[in-house]
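Asker: Here are the chains, one letter per residue:
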Amino acid sequence: MKSLLDLIVGDPLADRAVPQTGITARLTVFVAAVMAFLAVIALAVSLTTNRVVSVWAEELAQSATLRLPADPATADALLLSALEVLETTPGVSTVRALSQDEQQALLEPWFGPDLPLDALPMPQLIEIVADGDGYDVDGLRARLEGQVPGAILDDHTAWRAPLLQAASRVRLIGWTVILLIGATVAAMITLAAQAALAANVQVIGVLRLVGATDTYIARAFVRRFTLRAGAGGVVGAILGVAVLALMPQGDAPGSLLMGVGFEGAEWLWPLLIPLLAAIVAFFATRAAAFRRLRQHT
Amino acid sequence: MIELENVSYGYGGNALFSQLSLTLAPGSFHFLTGPSGAGKTTLLRLCYADLRAMRGKVRLFGEDAGALDRDAVAMSRRRIGVVHQDCQFVDHLSIAENIALPLTVSGRAHEAASDLEELLNWVGLGPQAAQLPPELSGGERQRAALARAVIVSPDVIIADEPTGNVDWEMSQRILSLLIELNKMGKTILIATHDLTMIRAAKSDVSARILRISNGQLLQAGTDL
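Read top to bottom, the protein sequences are chains L and F.
Once you know that position 188 of the first sequence is 188 in my numbering, the rest is easy, because the numbers rise by one and skip nothing.
In short: position in the second sequence from 1, add 1000, done, that's my numbering.
Calculated directly from the structure, the hints in this document are not laboratory data.
Be a bit skeptical, because a hint or two may be false.
[Claimed, not checked] Here are the simulated distance ranges between beta carbons:
1) ALA1067(F) <-> GLY205(L): 22 to 28 Å
2) GLY1126(F) <-> LEU271(L): 36 to 42 Å
3) PRO19(L) <-> SER1203(F): 41 to 47 Å
[As the list claims (entries may be wrong)] Among chain F residues calculated to face chain L with C-beta under 7 Å, some are:
4) ARG1070
5) ASP1071
6) ALA1074
7) ARG1077
8) ARG1078
9) VAL1082
10) GLN1088
11) VAL1090
12) HIS1092
13) LEU1101
14) PRO1102
15) VAL1105
16) SER1106
[Claimed, not checked] Over the 12 Å line for every Cβ pair with chain F, so calculated as not near, a few chain L residues:
17) ALA17
18) PRO19
19) ASP71
20) ALA75
21) PRO90
22) ALA105
23) ASN200
24) LEU275
Idealized CB from N, CA, C, for every residue including glycine.
Construct all of the structure, not just a fragment, from the sequences and the given hints.
Answerer: What follows is the structure in structure tokens.
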């Protein structure tokens, strides 16, 4: 704790020994701010994808659709048989045959509102909602095959698996982007610190001559770059959060484009970004400083 | 204080000197002379661990300098005041801040205020305290470097051509300061070309005069 306080407060005399490097200082803050901004956006996209896909996957996992053949002669009998089979299947919580209006609403996006559904041989759709443990899909298919010939059970596996895989990839990309941002900050801080150290060779030589330890000399550089990266991180994180707060928000819980941002405790994540920027800067500058100082006698 | 035992050193594969031995006893006063390029500055740098001996052993205050880590070297340098030939300073700090630097880096900055004013007056730089190093003359820089070297009251003072850039009057003043420090018990090692300075010092101090030439360190005695 004392070391942290020393790092923040610093030693004014030690700090004075190392001259301010104007352009390097401003660039460090600027790059840290940009990187923090990008990190907040990447984090938001990753968390939002995770959240939205969780909603989608949960909905798809719990529901299934049974499609009955579009044969007007056998439609009523098949519907009764199907309902009987489904209602007696363990793990099925709700079974509901979609009304004509609901089926028309499903087709509206493709055929428009004036579709004469009565005149067309439309398959009857039945919505199945599973309870917590779910049902035996293969067993149900076998029973339906025997008692409701021609019925097709769609448990959404074909949709859910690639969706979950895509979501997993998006999450991975999000975290990779954040890691790359961290690595970029480390590289940039290392370069800036090396430039500052190279520009102060004479100062370092004088300090070593009068008995300064490497830790003493490095501290002034480490403190500056850590605080600059932290300050840039705060600015970038605030801007990132502000941009996300200004994004249009939709009511639909599964809407990706309308819901990019943070929810609940997720808002704490952006607070970590400046801290991480400062930690990365601390270790990058420290490593660069000690490496450089070892070249001095 | 400082001992060199059969020390060898060279540059680019060429030996500058070899099997060289030297002992700086507490309170002793040494002049080191010799032609340019003979290795005077190299010898001084070995004495404050700015260089490591290629062969032989350098002992700083009883410790093998070759075995010291970087922090230990820094600690040893707090006991050795060095006046460089080119008098390097931290150019954006005032002369007063530069002179106080050894106290600052050793965490004794609070001692600076009282000692500093006295020291500035002692080296005749009171009026220049707030000036920056590039604003000072060569002689003023030499005196500032000397003040910086002695502010922590080191056991040993090593000066490389401390009068190289100054006129006769100023060189006498700097010499007087070094003799005064020696009388206070400090060990002094001065590398110089200036034989008149050595002759002038003979009446005030019992100095060993060493001459380095052709890789050999010879005792020149008190006569030149």
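Asker: Now, for every hint given, state plainly whether the structure supports it.
Answerer: Now for the hints, and whether the structure bears them out:
Checked against the hint of 22 to 28 Å, the C-beta distance between ALA1067(F) and GLY205(L) comes to roughly 23 Å, which is consistent with it. A beta carbon spacing of about 53 Å between GLY1126(F) and LEU271(L) contradicts the range 36 to 42 Å that was offered as a hint. Separated by about 45 Å at the C-beta atoms, PRO19(L) and SER1203(F) satisfy the suggested range of 41 to 47 Å. With its C-beta approaching chain L no nearer than about 6 Å, ARG1070(F) sits inside the 7 Å limit, and its interface hint holds.
Because the beta carbon of ASP1071(F) sits about 5 Å from the nearest beta carbon in chain L, less than 7 Å, this interface hint is met. Given the 7 Å rule on beta carbons, the hint for ALA1074(F) holds: about 4 Å separates it from the nearest Cβ of chain L. Interface restraint check for ARG1077(F): the shortest CB-CB distance to chain L comes to about 4 Å, inside 7 Å, so the restraint holds. For the restraint placing ARG1078(F) at the interface with chain L, the shortest Cβ-Cβ distance is roughly 4 Å, inside the 7 Å limit, so the hint holds.
At about 6 Å, the closest approach between the beta carbon of VAL1082(F) and any beta carbon in chain L falls short of 7 Å, and the interface hint on this residue holds. Taking 7 Å as the C-beta cut-off, the interface hint given for GLN1088(F) holds, the closest approach to chain L being about 5 Å. Because the closest C-beta pair between VAL1090(F) and chain L is about 5 Å apart, less than 7 Å, the hint holds. Against a cut-off of 7 Å between C-beta atoms, the interface hint on HIS1092(F) holds, since the closest Cβ of chain L lies about 5 Å away.
At its closest, the beta carbon of LEU1101(F) sits 5 Å from a beta carbon of chain L; the interface hint therefore holds under the 7 Å criterion. With a cut of 7 Å, the hint placing PRO1102(F) at the interface with chain L holds, because the nearest CB-to-CB distance is about 4 Å. For VAL1105(F), the interface hint holds, since its Cβ comes within 7 Å of a Cβ in chain L; the closest pair sits about 4 Å apart. Annotation: interface hint on SER1106(F) holds; nearest CB of chain L at approximately 6 Å, less than 7 Å.
Non-interface call for ALA17(L) relative to chain F: violated, since the shortest CB-CB distance, roughly 6 Å, does not exceed 12 Å. With a least CB separation of 5 Å from chain F, PRO19(L) falls inside the 12 Å interface cut-off, contrary to its annotation. In this structure ASP71(L) is separated from chain F by more than 12 Å, as the shortest Cβ-Cβ distance comes to about 90 Å. Distance check for ALA75(L) against chain F: the nearest CB is about 90 Å away, which clears 12 Å, and the non-interface claim stands.
Taking the minimum C-beta to C-beta distance to chain F, about 74 Å, the non-interface status of PRO90(L) holds against the 12 Å cut. Look at ALA105(L): its CB is around 76 Å from the nearest CB on chain F, clear of 12 Å, so calling it non-interface holds up. With a minimum CB-CB distance of about 9 Å to chain F, ASN200(L) fails to clear the 12 Å threshold, and the non-interface call is violated. With 12 Å as the threshold on Cβ separation, the claim that LEU275(L) sits away from chain F holds: the shortest Cβ distance comes to roughly 29 Å.
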